[in-house]
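A.B. asks: Below are the chains, spelled out letter by letter.
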Amino acid sequence: MSQTTRENRAVIDTLPANGERPTVVYRYAGDRFVLLEYGDMVLDLTTNFRIFGLNDALKKARLDGLIETVPALRSMLIQYDSLRLPTRRLVDTLKTLEDTIPSVDELNIPSRRVELPIAFADQWTRADIERYVKYTRQDAPNIVNGHNIDYIAKYNGLKDETEVIHYVCATEWWNACIGFWPGLPFMFPLDPRYAIVTPKYNPTRPWTPEGAVGIGGPCVAIYPVASPGGYQLFGRTIPIFDLQQRNPAFKTNPILLNPADRIRWVRVTDQELESIREQVYNGTYRYKIVGYEALNVKSYLGFLDSIKNEVAAFQRRQAEAVKHVAIP
Amino acid sequence: MLEVLEGGIQTTVQDYPGRVGYLDLGTYPAGPMDHFAFRVANLLVGNPPGAAALEVTAGGLKARFHDRRTLAVTGADMQTTLNGQPLALWESVAVKPDDHLEMKTVKGAGFRAYVAVSGAFEVPEYMGSRATFTVGGFGGFQGRGLKKGDQVPLRRDGAPERLVGRRLRMDLRPRYGTQWEIEAMRGPQADPDYMTPADMEFFFSHAWKVDRNSNRMGVRLESHKWQWARTGGGVAGGHPSNILDNGYAVWTVNVSGDQPIILVADGPSLGGFICNATLVYASTWKVGQLMPGRDTIKFKEVTIDEALTLARSLDAAVSERSIERG
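In the order they appear, the protein sequences are chains A and B.
The first sequence begins at 75 in my numbering and counts up by one.
The second sequence begins at 1390 in my numbering and counts up by one.
If we strip away everything but chain A, and leave its shape as in the complex, we get:
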């Protein structure tokens, strides 16, 4: 055991980096959970892919006493029955798996494709944003022409609403993890040429319609139910959570999306959205979900390499734009 490990009582064990595999740190989270972390605290989808590779391998290992796993951006929380599965055995198994799972560029991650309709700068998010101006903050710089979408454009150096819409629809969105509230996805653009970012609301918005779609930092989320929120809204989609399970998509549980899903947005009008939402609730709408697909990491990394210069150009454009925009 190294000197640092002895001094850090929260750390059970550490596996040093090896080639392309980052350092792995295994931490105590009480006597029933272990938190595993990869590498440094940076946002990197490759690390998230590795988490899914490990999650897959761990589930296939069918370890007696393993209860559940929570994949997140660069970490995985593992619940286990420590009376049946000693911590040491769990951590040793996890370490062994690191040597047996393929390197990240050989991973094929099971990943469903989900197509969701979205009405941009729609009447429902607009109504809650107007309430915010009326009751919470009149001079919020992130609200331009009664909505957040023009602010998102300005903050990223995009021309207007139309260009924001183009950016959102041009890439697939990777659901890196689900949490905070049942069914709430944390999604990141798979094509970094369209990686828009924004600061969050200040103060938080007390109202958000169910199905609202917004962005905070680099992350896009869908609000499963009407709730307070801090993300800049740009549109509304169909239900991703239905307690009453009124559509076959909610047959097994009220939550639509899974971790590692890829979401593509398809633009519709407010009226079209309203009509699709009705069909969702009367059970006739069929969610557009393609299962049994996989994300091939190697070809994805090749794609990233091919667009490096365009990504850098967009990041320069963003950096310049931010200088001229007020932060909420």
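Mixed in with the good hints there might be a few duds.
Said to hold, decoys possible - Pairwise CB distance ranges, derived in the manner of DEER restraints: (1) GLY304/A x GLU1590/B: 32 to 40 Å; (2) ARG211/A x MET1606/B: 24 to 32 Å; (3) GLY1623/B x GLU348/A: 41 to 49 Å; (4) GLY1410/B x ALA201/A: 31 to 39 Å; (5) THR1585/B x ALA393/A: 57 to 65 Å; (6) THR174/A x GLU1590/B: 57 to 65 Å; (7) ARG205/A x GLY1623/B: 46 to 54 Å; (8) ASP166/A x GLU1590/B: 30 to 38 Å; (9) SER1702/B x ILE381/A: 41 to 49 Å; (10) MET1606/B x ALA201/A: 23 to 31 Å; (11) THR174/A x GLU1709/B: 21 to 29 Å.
What the hints assert, rightly or not - Computed list of lysine to aspartate or glutamate pairs in DMTMM-like fashion (alpha-carbon distance at most 25 Å, straight line): (12) LYS1536/B x ASP1466/B; (13) LYS1537/B x GLU1491/B; (14) LYS169/A x ASP1466/B; (15) LYS1687/B x GLU1514/B; (16) LYS1536/B x ASP1582/B; (17) LYS1687/B x ASP166/A; (18) LYS1451/B x ASP1582/B; (19) LYS1614/B x GLU81/A; (20) LYS1689/B x GLU81/A; (21) LYS274/A x ASP1647/B; (22) LYS325/A x GLU1511/B; (23) LYS169/A x ASP1694/B; (24) LYS325/A x ASP1466/B; (25) LYS133/A x GLU81/A; (26) LYS1689/B x ASP155/A; (27) LYS1598/B x GLU1514/B; (28) LYS1689/B x GLU235/A; (29) LYS1689/B x GLU1713/B; (30) LYS397/A x GLU235/A.
To be verified - Sample of chain A residues facing chain B (criterion: CB under 8 Å; computed from the structure): (31) LEU151; (32) ILE252; (33) PHE254; (34) LEU317; (35) PRO333; (36) ASP344; (37) TYR366; (38) ALA368.
Keep in mind the hints are simulated off the structure, nothing from the lab.
This one's a predicted model, so the numbers in the text were calculated from it and none came from an experiment.
Every residue, glycine too, gets a C-beta built ideally from N, C-alpha and C.
Given the coordinates of chain A, work out where chain B should sit on it, guided by the hints.
C.D. replies: Here is chain B on its own, set in the frame of chain A:
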């Protein structure tokens, strides 16, 4: 069927261990805040320890029975009466149609009581559990706390009076106070990488006051000026309590900004703040008995081996061997 005459401050149907297996879809387990008193109540009336029973928070439940059953009430003393006569806690008694159960607002130590009825409450399973998840408004009885006029069905009970007169052994009954010692383990994000050793020393020695604004999502403690080992949260945000979002263990101590919050039964499953300590299985039941605005907690650091020893002895206490008849 149990007819609710007054729902009280917050009375919910729960089961144990709750809705396990949905953390990766964003759903905390719900279930009882005090899993010891909950399971003992079931044991006393002959139910499986995890069967659906009522959690009564702070008191005020009034109810009428419509069947012959065995009843047990455990947990905090709410001057509970049956037909106006004081009802002993941690013991099973017979009830018959038209018997009245009445619980007052809790005055002494403790905060939650558990009501188990032989046969157990019959509410639909939702995502594999009958526990009420107050945040999502699902599970339990119509996804909410009980209120006047509710009729909560009971499952069939073959021998309602077979198990009358069972008591939890005196030496196993928890003694509630107002100054609690709660066992916890350091981590996942503690010293020296996220907090300073002095921060953690303070955490494990201070008597933390339980904030009034505490509930089944989080038990808030007082704010503190931490030293922090980092100057900021890097890519995750400006504050040193910020991290890239990760899953939150159930019963962990989440430090968001200056304020520590114990994430409990209905908490958030994932977020971007550090958790500097996590309660161990054998100590979490105490959190259910903390009275907001009054009680204090000192966290006692234990090792994994100590935690498992405590876990074994707690589990041993929730068994037939702990029950005596009289």
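A.B. asks: When the structure is checked against the list of hints, which entries are broken? Sort them ascending.
C.D. replies: 5, 6, 7, 9, 11, 14, 15, 16, 17, 18, 24, 25, 27, 28, 29, 36, 37 and 38
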